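Q: Using the sequences and the hints given, assemble the complete structure.
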Amino acid sequence: MRSPDARTASPVYRHDADHPRQFERAVADLAAGLRRWRLAWALARLDIRNRYRGSVLGPFWMTASTAVMVCGIGLLYSTLFKMSLTEYLPWLAVSLLVWTTINQTVVDSCQSFVGAEGVIRQMPLPYTVHVLRFVIRNALIAAHSLPLIAVVLALTGAIPGPEALLAIPGLVLIAINSCAVGLFLGIICARFRDIPQIVANIMQLAFFLSPVLWKPQLLGADAAWLPFNPFFALMETVRGPLVEGGASAMIWGAALAYTALSCTLAMIFFVRFRGRIAFWV
Amino acid sequence: MAHIEADRLSIEFPLYHVAARSLKKRLMARAGARLKEDASHRIVVAALRDLSFRIQPGERVALIGNNGAGKTTLLRTLAGIYEPVGGRLEVAGSVGSLIDPGAGMDGEATGRENIILRGLFLGMSEAECARMAEEAGQFSGLGEFLDVPIRTYSAGMAIRLSFAAATLMEPQILLMDEWFLAGDADFIQRATQRLEQLVTNADILVIATHDMKIVRTWCTRAIRLEGGRIVADGPVADMIGD
Chain P
1231 MRSPDARTAS
1241 PVYRHDADHP
1251 RQFERAVADL
1261 AAGLRRWRLA
1271 WALARLDIRN
1281 RYRGSVLGPF
1291 WMTASTAVMV
1301 CGIGLLYSTL
1311 FKMSLTEYLP
1321 WLAVSLLVWT
1331 TINQTVVDSC
1341 QSFVGAEGVI
1351 RQMPLPYTVH
1361 VLRFVIRNAL
1371 IAAHSLPLIA
1381 VVLALTGAIP
1391 GPEALLAIPG
1401 LVLIAINSCA
1411 VGLFLGIICA
1421 RFRDIPQIVA
1431 NIMQLAFFLS
1441 PVLWKPQLLG
1451 ADAAWLPFNP
1461 FFALMETVRG
1471 PLVEGGASAM
1481 IWGAALAYTA
1491 LSCTLAMIFF
1501 VRFRGRIAFW
1511 V
Chain X
136 MAHIEADRLS
146 IEFPLYHVAA
156 RSLKKRLMAR
166 AGARLKEDAS
176 HRIVVAALRD
186 LSFRIQPGER
196 VALIGNNGAG
206 KTTLLRTLAG
216 IYEPVGGRLE
226 VAGSVGSLID
236 PGAGMDGEAT
246 GRENIILRGL
256 FLGMSEAECA
266 RMAEEAGQFS
276 GLGEFLDVPI
286 RTYSAGMAIR
296 LSFAAATLME
306 PQILLMDEWF
316 LAGDADFIQR
326 ATQRLEQLVT
336 NADILVIATH
346 DMKIVRTWCT
356 RAIRLEGGRI
366 VADGPVADMI
376 GD
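For the record, the sequence lines run as chains P and X.
Just remember that the working numbering sits 1230 ahead of the position in the first sequence, which is counted from 1.
Just remember that the working numbering sits 135 ahead of the position in the second sequence, which is counted from 1.
Think of the hints as simulated: they come from the structure by calculation, not from any bench.
Errors might be hidden in some of the hints.
Stated by the list, open to error - Each computed DMTMM-like pair below joins lysine to aspartate or glutamate, with the alpha-carbon atoms no more than 25 Å apart:
(1) K171/X / D1246/P
(2) K348/X / E361/X
(3) K1312/P / D1452/P
(4) K171/X / D142/X
(5) K171/X / D1248/P
(6) K348/X / D235/X
Owing to the predicted nature of the structure, the values given are computational and were not obtained by experimental measurement.
A: Here it is as structure tokens:
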């Protein structure tokens, strides 16, 4: 009566180490995990509440710190780059917010399984739930900063046209990539505990190598190389529609290619190592 | 019908975050221990080795053996947490596990929120969960404390809540660690009733325990594990006498 489906369906769990059917299990895990999004949502909300417990601003601290950064960096770099503030500021605001989101997500992805150790070792759950929890958690944090973009765009009079709606598929691409990275880095970091430090270092380097503070045009002819930077391609799918009147087909193509690549890689690792995660965390 | 069938079931834990090199030297010196090197030269603990058994509906099985014999690992494997490294395992029927009462509890959330969370972990809908929280709240007798973060609870209160939340399900196969039968003296009377009901409604009970009293009152069959192997398996009366 309490769990009618479980009672009547009488699930059968079969596992034969000689025929592990890894692919089938991984796909079933993904499907079951996505169906349990309510659980992932509840856990993600608890995560956020716990992280900012007792804090007055809570997740808005990130908005506040980004706002301060936008003002400070905006004043300095618009002078350095000899650009007008109204031209530079909207671009910087969107850039910084998208970058902070990507950065936090990648750094946090190392914890997607290790952080859920207590649950993984005690309860049989689809591993996808933990990844979904991590993605929703980061999406919720990012959502707190969205008003800041609107404020900056309104203040500088750089209100985008209807093409701004294209930022939504851009955000979807980032979310899909977050899932892939959460699976991929989550698995690797469960096995090798040095990876999170390496990832943090790479992200710091990527911040300077990607056009976050500087505009791609400053590179001149060399800007043609930029699509090889996956962070640039993904950032541009959101930033382009919001402040540059849209992103080029090249950018969208590159972003889609990177997404396909990251999903394939994540799936290969998930299929191969899913059964080992419980032993590793 | 619910049943459990294991055929040469093996579980090995890799040991990664220890000094594998010095461990290997010691392994060379002492052959036959539970630590061994696997095919890809990792040091592994053979937690379960070649277990074969079949549990029929209606059986109440006690897993007995010393600490580290593999009882809890076997429970976790049956629950589907660890995937077998070798052999075959078939578990037919809905499984409920009472392995760690605090599993999935969040210290910052209130008692009620934790019960709802547990319901979500078990795959219930939110409406079901809210109803369940009411029932579990009454059962645990926590009263107004139900809406206070559980990090402020006393140990006894935490146990009551965990117990109430963990016994929300009605599985066909119930996996239990003896932990669940230890606890607050006040509470033990009602807890026992609820457990009895849970056990009676389940088709199969597998319980890991040291306590022979529990084995005698609750079980029909005992499996003795030693060093990850089954050393004896039979009716309770034959296994532990009176």
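Q: Please go over all the hints and tell whether each is borne out by the structure.
A: These are the hints, each one checked on the structure:
1. K171/X / D1246/P: 22 Å, holds
2. K348/X / E361/X: Roughly 20 Å between the alpha carbons, so the hint for K348/X and E361/X holds.
3. K1312/P / D1452/P: Cα-Cα ~20 Å, so holds.
4. K171/X / D142/X: With a Cα-Cα distance of about 22 Å, the restraint between K171/X and D142/X holds, given a limit of 25 Å.
5. K171/X / D1248/P: 21 Å, holds
6. K348/X / D235/X: 21 Å, holds
Figure legend: structure checked against the earlier numbered hints; every hint is met.
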